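Participant: Each chain is listed here by its residues.
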Amino acid sequence: MNEKKESAFFSIRDLNVQYKSGAQTVYAVNGVSFDLAAGETLGLVGETGAGKTTIAKSILRILPPHAVKKMEGQVLYEGEDIFQMNDTELRKIRGHQISMIFQDPMTALNPVKRVNEQIAEGYIQHHHCTKAEAEKRAEEMLELVGISADRAGEYPHQFSGGMKQRVVIAMALACSPRLLIADEPTTALDVTIQAQVLDLIKRLRDELGTSMILITHDLGVVAGICDQVAVIYAGRIIEYGTKADVFRHPTHPYTIGLFGALPDLKKDVERLSPIEGLPPDPTEQIEGCAFYPRCERRCEKCKSYRYEPTRLSDTHTILCCNPAGEGEEK
Amino acid sequence: MKGNRKDTGSLKPGSLRYVWRKLLRNKSAVFGLTVVCVLIVLSLISPLICRYDYRSMDGLNAYSLPSAEHLLGCDELGRDILSRVLYGARYTFIIGILSTAIAAVLGIAMGAVAGYFGGAVDSALMRFLDIFQSFPMLILAMAFCAVFGTGIDKCILALGISNISGFARLMRANILRIRNMEYVEAATSIGCPTRKIITGHVIPNAISPIIVEIAMGISRNGLASSSLSFLGLGVQQPTPEWGAMLSSARSYIRYYPHMAIIPGIFILITVLSFNLIGDAVRDILDPTLKE
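Residue numbers (the numbering used here), protein chains in the order written: chain C, 1 to 330; chain W, 331 to 621.
Any given hint could be a false lead.
[Said to hold, decoys possible] Label-pair distances were calculated between CB atoms; the ranges are:
{"#": "1", "chain 1": "W", "residue 1": "A473", "chain 2": "C", "residue 2": "I286", "range": "42 to 52 Å"}
{"#": "2", "chain 1": "W", "residue 1": "I461", "chain 2": "C", "residue 2": "T187", "range": "13 to 23 Å"}
{"#": "3", "chain 1": "C", "residue 1": "I286", "chain 2": "W", "residue 2": "P523", "range": "34 to 44 Å"}
{"#": "4", "chain 1": "W", "residue 1": "A473", "chain 2": "C", "residue 2": "G31", "range": "58 to 68 Å"}
{"#": "5", "chain 1": "W", "residue 1": "R457", "chain 2": "C", "residue 2": "Y292", "range": "15 to 25 Å"}
{"#": "6", "chain 1": "W", "residue 1": "G481", "chain 2": "C", "residue 2": "S160", "range": "39 to 49 Å"}
{"#": "7", "chain 1": "C", "residue 1": "T25", "chain 2": "W", "residue 2": "I370", "range": "31 to 41 Å"}
{"#": "8", "chain 1": "W", "residue 1": "I375", "chain 2": "C", "residue 2": "E133", "range": "30 to 40 Å"}
{"#": "9", "chain 1": "C", "residue 1": "S21", "chain 2": "W", "residue 2": "A473", "range": "51 to 61 Å"}
[Stated by the list, open to error] Taking lysine-lysine pairs in the DSS-like style, the calculated list, with each CA pair at most 25 Å apart, reads:
{"#": "10", "chain 1": "C", "residue 1": "K131", "chain 2": "W", "residue 2": "K352"}
{"#": "11", "chain 1": "W", "residue 1": "K352", "chain 2": "C", "residue 2": "K92"}
{"#": "12", "chain 1": "W", "residue 1": "K352", "chain 2": "C", "residue 2": "K113"}
{"#": "13", "chain 1": "C", "residue 1": "K20", "chain 2": "C", "residue 2": "K92"}
[Said to hold, decoys possible] Simulated coverage check for chain W against chain C, where a stretch passes if three residues somewhere in it have a Cβ under 8 Å from a Cβ of chain C:
{"#": "14", "stretch": "490-500"}
{"#": "15", "stretch": "519-528"}
Rather than coming from a laboratory, the hints here were simulated on the basis of the structure.
Just so we're clear, the structure is a prediction, and the values are computed from it rather than from any experiment.
Cβ coordinates follow ideal geometry from the N, Cα and C atoms, glycine included.
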């Protein structure tokens, strides 16, 4: 979306991902592009099924090959296209340069391997060191995420959910990656643990100077951590801007709807106003704007909308042909 | 909290040590293990402890009932049944274990390949194995025996081949389940090569149901070897295989039933023991059955 930054640290150009589901094609991601500067944090926000995780997994090319029908576009890491790399080059990137925190700590850890082995695994791979050195590193990582090192030899089932997520974080950070993808790192955890884990991620990001892509459906989380925000709907970034742009001046009707559905302690509202309807069926290709059936501002133009971006400012872009004008918010 | 605690709490469910400790607390499994061990030892030392050689004939004592002289009586040629039964135990065990080993090794390899790579390889392998599965196991083993001929080695081969498809199906189903687990993606995402993912993540998680299938397979194949011998395929007279002993005793069952009953009881006890062990292992490895 920001063409002027020629050689961003990390950028995605026109990413398209389609899955096959029986005879049908699932259009999961439809032309996503964004840039990320070193040290910045981007929040990807959207409903379940909007394509957030697909974007994350296609960055590391870990989508199951038998389910993917088409994966096109460019994922540029320091100017190198990850989609063009061979297996050896790819393995050097994975874990070492870019790594990922998974959504569900219950399934992201191998139940029959000790946690220190799992954390050490990537470190051995990238640093060609002995097992003992790597396990020492694993213990350091566990201490870093707040787990005592004498629990290093235990198995995942002996940890609570929050601690498992800490282990997953330790695993992702073991090789000090320069870009961290956090895929809904707090969704599977309860609220008190969520806050702890988020604080931890934030602290580690600041200490290690890592760039981050944070995937979430929780706008509160985005507000606390991110610099840039991308709102995703039906596989497209429909609003992109700095945190101030999106939170102070939400412009796409969908983003406005999201904020309207959020409880606010300061306002006395009888009822929250949810966005009516359901996200579109991803197996259908929709003519015009995908948000049309649920949109409060729909008009004739929307039916033939071709997703030409509307620039509101240098940093703020939306995909909408009939946005709310200035002064008439909501 | 480190791994030196004596109870099973600190061991991961599914590890061999965990299964072993739980097994020792299960009465029926201990019974099964004891019987199997005692039979194996007795069989190995039977030439030393038995008063009679299993081959030596004593015409005067033919058909004799159990007595102080011959503890379990004699068969139609006057051979001591106790010596024969104990010596013959080794055949049941050898056939049971080796044929299961053949089936497990080939079946696991084929199932793993089919499950992991999927697509055309999967279809080709599994359709090929479907041919085997369309026959009842014993009929298939009989067909192989008819082709290969008779003898212990052929019997092992026939039973081994007939059992491949069961192992392959089980392994394939497990691999399919694990291949899509998030921890496999997680391992990929930190840069693990495919070889390490298969050996370090996929196989260790897929193996526990296979252990149960192996325990059950040994008893099934031991029984099947007796059936084959009884039918005149498989192990032949004068080798004292239990099924072969039953087979030769059946002509005299009305007048000298002990000749058939004794090897029958041994078959029963052995199969029961293996089944008890297999049942216990399955219960231990099935987390939904935990109290």
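Participant: Decide, hint by hint, whether the structure agrees.
Facilitator: The hints, checked one at a time:
1. For the pair A473 of chain W and I286 of chain C, the beta carbons lie near 59 Å from each other, so the given range of 42 to 52 Å is not met.
2. Between I461 of chain W and T187 of chain C the Cβ separation comes to about 47 Å, which falls outside the hinted range of 13 to 23 Å.
3. The hinted window of 34 to 44 Å between I286 of chain C and P523 of chain W holds, with their beta carbons roughly 41 Å apart.
4. Remark: the range hint 58 to 68 Å for A473 of chain W to G31 of chain C is upheld by a beta-carbon distance near 60 Å.
5. For R457 of chain W and Y292 of chain C, the hinted distance range of 15 to 25 Å is not satisfied, since their beta carbons lie about 47 Å from each other.
6. Hint check: G481 of chain W to S160 of chain C, Cβ distance near 59 Å, so the stated range 39 to 49 Å is violated.
7. Look at T25 of chain C against I370 of chain W: about 60 Å separates their beta carbons, and that is not inside 31 to 41 Å.
8. Distance hint check for I375 of chain W and E133 of chain C: the Cβ-Cβ separation is about 51 Å, which falls outside the suggested range of 30 to 40 Å.
9. Range check, S21 of chain C to A473 of chain W: about 42 Å between beta-carbon atoms, so the 51 to 61 Å window is missed.
10. Between K131 of chain C and K352 of chain W the CA atoms are separated by roughly 31 Å; this puts the pair beyond 25 Å, and the hint is violated.
11. Among the hinted pairs, K352 of chain W with K92 of chain C is inconsistent with the structure: their alpha-carbon atoms are about 43 Å apart, more than 25 Å.
12. Restraint check for K352 of chain W and K113 of chain C: the C-alpha separation of about 20 Å stays at or below 25 Å, so the hint holds.
13. Proximity of K20 of chain C to K92 of chain C is assessed by CA-CA distance (about 29 Å); at most 25 Å being required, the pair is judged violated.
14. With 0 residues having a beta carbon nearer than 8 Å to a beta carbon of chain C, the stretch 490-500 of chain W misses the requirement of three or more and the stated coverage is violated.
15. Counting residues of the stretch 519-528 of chain W whose CB lies closer than 8 Å to any CB of chain C gives 6, so the stated coverage by that chain holds, three being the minimum.
Taken one by one, the earlier hints fail for this structure at numbers 1, 2, 5, 6, 7, 8, 9, 10, 11, 13 and 14, listed in ascending order.
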